[in-house]
Amino acid sequence: MAEEKYIYAVTRIHINEQNLLTRRNLDAMISFESVSDCLSLLAGKGWDAKLAAGGDFEALINMEQEKTWALIAEAAGDVAELDVFRKTRDFHNLKAAIKLIFTAEPEAERKRYYLPYGAVPVSKIEKAAESLDFSMLPEDMAKAGKEAWEVLKDTGNGQLCEIAIDRASLEALAKAGEEAKSEIISKYCRLSVDSANVKAAARAAKLGKDRGFLERLIASGGNVDKGSLESAALAGVSEIVALLRRCGMAKGAQALEESTALFERWAGDEAIRLMQPMRTRISGIEPLAAFILARENEMRQVRLIASAKVNRLSEGVLKERLGLTYV
Amino acid sequence: MDSLGIVFAVLGVAVAAFLPGWGSAVGVGLAGQSASAAVSEEPTLFSKVLILQLLPGTQGIYGLLIAFLAMSSIGLIGSGGAYISLAKGIAYFGACLPIGVVGLISAISQARVSISSINLVAKRPDQFGKAMLFPAMVETYAILSLLVSLLAIIGVNSLQI
Numbered sequence: 001m002a003e004e005k006y007i008y009a010v011t012r013i014h015i016n017e018q019n020l021l022t023r024r025n026l027d028a029m030i031s032f033e034s035v036s037d038c039l040s041l042l043a044g045k046g047w048d049a050k051l052a053a054g055g056d057f058e059a060l061i062n063m064e065q066e067k068t069w070a071l072i073a074e075a076a077g078d079v080a081e082l083d084v085f086r087k088t089r090d091f092h093n094l095k096a097a098i099k100l101i102f103t104a105e106p107e108a109e110r111k112r113y114y115l116p117y118g119a120v121p122v123s124k125i126e127k128a129a130e131s132l133d134f135s136m137l138p139e140d141m142a143k144a145g146k147e148a149w150e151v152l153k154d155t156g157n158g159q160l161c162e163i164a165i166d167r168a169s170l171e172a173l174a175k176a177g178e179e180a181k182s183e184i185i186s187k188y189c190r191l192s193v194d195s196a197n198v199k200a201a202a203r204a205a206k207l208g209k210d211r212g213f214l215e216r217l218i219a220s221g222g223n224v225d226k227g228s229l230e231s232a233a234l235a236g237v238s239e240i241v242a243l244l245r246r247c248g249m250a251k252g253a254q255a256l257e258e259s260t261a262l263f264e265r266w267a268g269d270e271a272i273r274l275m276q277p278m279r280t281r282i283s284g285i286e287p288l289a290a291f292i293l294a295r296e297n298e299m300r301q302v303r304l305i306a307s308a309k310v311n312r313l314s315e316g317v318l319k320e321r322l323g324l325t326y327v
Numbered sequence: 001m002d003s004l005g006i007v008f009a010v011l012g013v014a015v016a017a018f019l020p021g022w023g024s025a026v027g028v029g030l031a032g033q034s035a036s037a038a039v040s041e042e043p044t045l046f047s048k049v050l051i052l053q054l055l056p057g058t059q060g061i062y063g064l065l066i067a068f069l070a071m072s073s074i075g076l077i078g079s080g081g082a083y084i085s086l087a088k089g090i091a092y093f094g095a096c097l098p099i100g101v102v103g104l105i106s107a108i109s110q111a112r113v114s115i116s117s118i119n120l121v122a123k124r125p126d127q128f129g130k131a132m133l134f135p136a137m138v139e140t141y142a143i144l145s146l147l148v149s150l151l152a153i154i155g156v157n158s159l160q161i
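First to last, the sequence lines map onto chains A and B. Under the numbering used here, think of the first position of the first sequence as 1, with each following residue one higher. Under the numbering used here, think of the first position of the second sequence as 1, with each following residue one higher.
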């Protein structure tokens, strides 16, 4: 009866999927002249009406993230397998905590650098960074924290510190994917690692970075081999495109040929396509994972539309970058 | 050896009552999880999802019906005391198997369809009629096995073995 787990949670999630933004909703938001019309539409879809009326997109998105995790916790309890969606937040917070050691930022201001809803409490990460005793953190974070701190101390190079943590974050994601019992979650983790690696490799290739830098930059654990990607990045973006074709990612290669933004969209769409069949599953962890991903995708799309309204980005460019919706 | 006939017959009664009852208990329990989730999000759905939750419970009732009929036939209830030969006892056991086995399997299968239907009704309450039909399709096979067990027990009653 293992496949009959999470029936209660999955039914609740499926009901809540009705409030997810559809492509039609996004198109309507794009066509609206004013930001307030967009916020009204979001309030109509169950987003916090009070915050929507206040006009603060970031506060609204934070509230919706909180609602997502509160719903998951209420419906399914504390599910360790879903921590893969919180890992990048934990590592981001670790990065922020280490960098904040060198700044005289007031206590109240520090909060804004941290992302909520990680698996590890921010206070614990802050304490580890302040005391330089990372052993109180989970093993992968402790190792990354120690390495990043040493790099920062020895070189004073903030970028290298960031790179060390970003790579460790991806490797932790890959490891979580390997350990996951769900094939869908494993595939999602590998896809996320590939996506981040390829984007980083393409940027490094354009900047003509050397192998030493690439070794620090590229994480292992994706479908694309770390060594092959490093060699391809040394030869240029066209070689990365060829490598993606050899790895069976022809459409991703085609997108990367045009731009990294289009590649990013392709990777996001692939993740959504991977999760879409979960809309009809009646049990298991996967529909919960799919909902979390759908909500994150939705937040990204809303944030993109909000920034496009402010920066007067053209409708065509915006539609190109939005990508698929889950429903 | 003389008493083995009644032993097999009572085993048949146990199979008819136990297996579909087990399937129904599991099925109604699983569907109940989904139903309570639907009601926690939308309380007005209570009556609709309750019917869908109860559908996998019918197999337990069919099993009970066959068990009573078999008990009555072998004399465990009502006017009892008749001698049951080994062949007749095995025949009663065989007659109880269809509802026992099909009842168990169909109750759990029906529960899965009921959960899907509860999800459907929770998303589209106006589709309740269609949502009812899907688990009802599984019921067909429970009814067929009930009929076979019923006719078989009646048939065995009249056998002179």
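Any given hint could be a false lead.
Each pair of labels, with its calculated beta carbon distance range [to be verified]:
id	chain 1	residue 1	chain 2	residue 2	range
1	A	G77	B	L76	28 to 38 Å
2	B	P125	A	V310	48 to 58 Å
3	A	E66	B	L50	24 to 34 Å
4	A	F32	B	R124	26 to 36 Å
5	B	L50	A	E74	19 to 29 Å
6	A	R273	B	M137	28 to 38 Å
7	B	A14	A	M136	19 to 29 Å
Below 30 Å or equal to it, Euclidean Cα-Cα: the simulated DSBU-like pairs (lysine-lysine) are [to be verified]:
id	chain 1	residue 1	chain 2	residue 2
8	A	K175	A	K67
9	B	K130	A	K146
10	B	K123	A	K45
11	A	K187	B	K123
12	B	K123	A	K251
13	B	K123	A	K319
14	A	K175	A	K187
15	B	K130	A	K181
16	A	K209	A	K181
Hint data in this document are derived by calculation from the structure and do not stem from the laboratory. Glycine included, every Cβ here is placed at the ideal spot set by N, Cα and C.
Each hint tested on the structure:
no.	hint	result
1	A:G77 / B:L76: 28 to 38 Å	violated (47 Å)
2	B:P125 / A:V310: 48 to 58 Å	violated (40 Å)
3	A:E66 / B:L50: 24 to 34 Å	holds (33 Å)
4	A:F32 / B:R124: 26 to 36 Å	holds (28 Å)
5	B:L50 / A:E74: 19 to 29 Å	holds (23 Å)
6	A:R273 / B:M137: 28 to 38 Å	holds (31 Å)
7	B:A14 / A:M136: 19 to 29 Å	violated (58 Å)
8	A:K175 / A:K67	holds (28 Å)
9	B:K130 / A:K146	violated (60 Å)
10	B:K123 / A:K45	holds (15 Å)
11	A:K187 / B:K123	holds (29 Å)
12	B:K123 / A:K251	violated (34 Å)
13	B:K123 / A:K319	holds (28 Å)
14	A:K175 / A:K187	holds (12 Å)
15	B:K130 / A:K181	violated (35 Å)
16	A:K209 / A:K181	violated (38 Å)
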